[in-house]
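Protein chains: 2
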Amino acid sequence: MKFGLLLFPNLTQLDLTGPLEVFSRMNGVETALIWKTLDPVSSDRGMRILPTHTFEEAGKLDLVCVPGGPGQIELMSDQETLDYLRGVARDCKWVTSVCTGSLVLGAAGLLDGYRATSHWSSIDQLALFGADPVFERVVRDRNRITGAGVTSGIDFALNIAADLFGDDAARAIQLQIEYDPKPPFKDGSPRSADPGLVAEIRGDIAPFIDRRRRASEAAAKVLRSRDTPAS
Amino acid sequence: MKFGLLLFPNLTQLDLTGPLEVFSRMNGVETALIWKTLDPVSSDRGMRILPTHTFEEAGKLDLVCVPGGPGQIELMSDQETLDYLRGVARDCKWVTSVCTGSLVLGAAGLLDGYRATSHWSSIDQLALFGADPVFERVVRDRNRITGAGVTSGIDFALNIAADLFGDDAARAIQLQIEYDPKPPFKDGSPRSADPGLVAEIRGDIAPFIDRRRRASEAAAKVLRSRDTPAS
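Chains H and D, in that order, give the protein sequences.
If you're matching positions, the first sequence starts at 1 in the working numbering and goes up one per residue.
If you're matching positions, the second sequence starts at 1 in the working numbering and goes up one per residue.
Heads up, some of the hints might be wrong.
Put simply, identical chains are the same to the list, so a pair is met inside one copy or across any two.
Cut-off 27 Å, straight-line C-alpha distance, at most; resulting in silico cross-link-like pairs (DSS-like, lysine-lysine) [said to hold, decoys possible]:
hint, residue 1, residue 2
1, Lys182, Lys2
2, Lys221, Lys186
3, Lys186, Lys36
4, Lys93, Lys36
5, Lys93, Lys182
6, Lys221, Lys60
7, Lys60, Lys186
8, Lys221, Lys182
9, Lys60, Lys182
10, Lys36, Lys182
11, Lys221, Lys2
The set of hints was computed from the structure by calculation and includes no laboratory data.
This structure is a prediction, so every number in the text was calculated from the model and none was measured.
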């Protein structure tokens, strides 16, 4: 089986590297990091990673995964990337995302009528693409599997391991990567975090989230125009 | 402040990318991925990452972090790397590791007399270097902070965030990265996992762990010979 992860500029690297660590421990799974060229791609915080395949080289995939991060905003208006995702998704057994990667799937028209999740700060924007936002860590609807923010990619990938290879295989990977988390605080979700902290962070990121929303709205408009045949 | 992570061939990438995601969200912290050259470094499962600084370029660090992974075996007899770690550690406020990176710190003589942890499969090997193995997710002894296997690097880094910048700063990062883990199984630690699974995995990896042990024994011998002045 071949699992492809989209490696795009200004992604949040842990959205990709978390699932990649799990995927690459599945027996019989080949992983591909896919982008337009094979030049190094820089994450939002400057980590540079090398793609393994271009869009042309990657071929058919069993699973495609779109991570998130600020670069996702540009992707939502990048028709080359959206066309690639639409095309590759057609033959995929699983069409997946982590964090705000789900908004890219949405912009490609791949979540219309599906339940899905995203980073807590932006999950409501999924509705712009006809998706039904579900505030859970991992959401599956038919062959769409979406993970919540950043670190959810590890839970997301272990769930996929269990689906595809059975619980025992997933448990073996969980033990290998010693995934026995001990978060130092209870503030990992707005549902459990101190409300004052949530309000403060929401305030800090408001201008960025607004920029994302305008991009989502524009992408949704482009998507609707595609659905309306020219008269 | 400057935090340096050792980026070496055949590392387990999540040992590095987990903490890096947290470190790079700390205000006023610059991160460096440090290796002998600036050529791409391949992880144990083929992800290629670009170093940002050579040993010569990296300069003084406030924190050094050694991740783990199979390439750690070769590092334990790599005197250039061990010399680099000994040198840079002298001026560091914090000397740290994730997973079997602690065995590299041990081979550099940096854990003698310290409590420390490592991946569950290899934690006992710390004793070869005069360290006191402690089976906890994150272990601190004076300025040494060590994390357990792979995914522990996220907990490890959030603990460091709290130490250096206060609980509120660490909680803000935990919320940003939505670290509200929901492991699908209880098998992330040999203490909670099904004993049959643990026995099976121990059997599967026994030849590899033996190879690591022989390398640790050899490295401990070299270290003792350094401590004995030539007569």
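Going through the numbered hints above, which ones does this structure break? Give me the numbers in ascending order. 2, 3, 6, 7, 8, 9, 10 and 11
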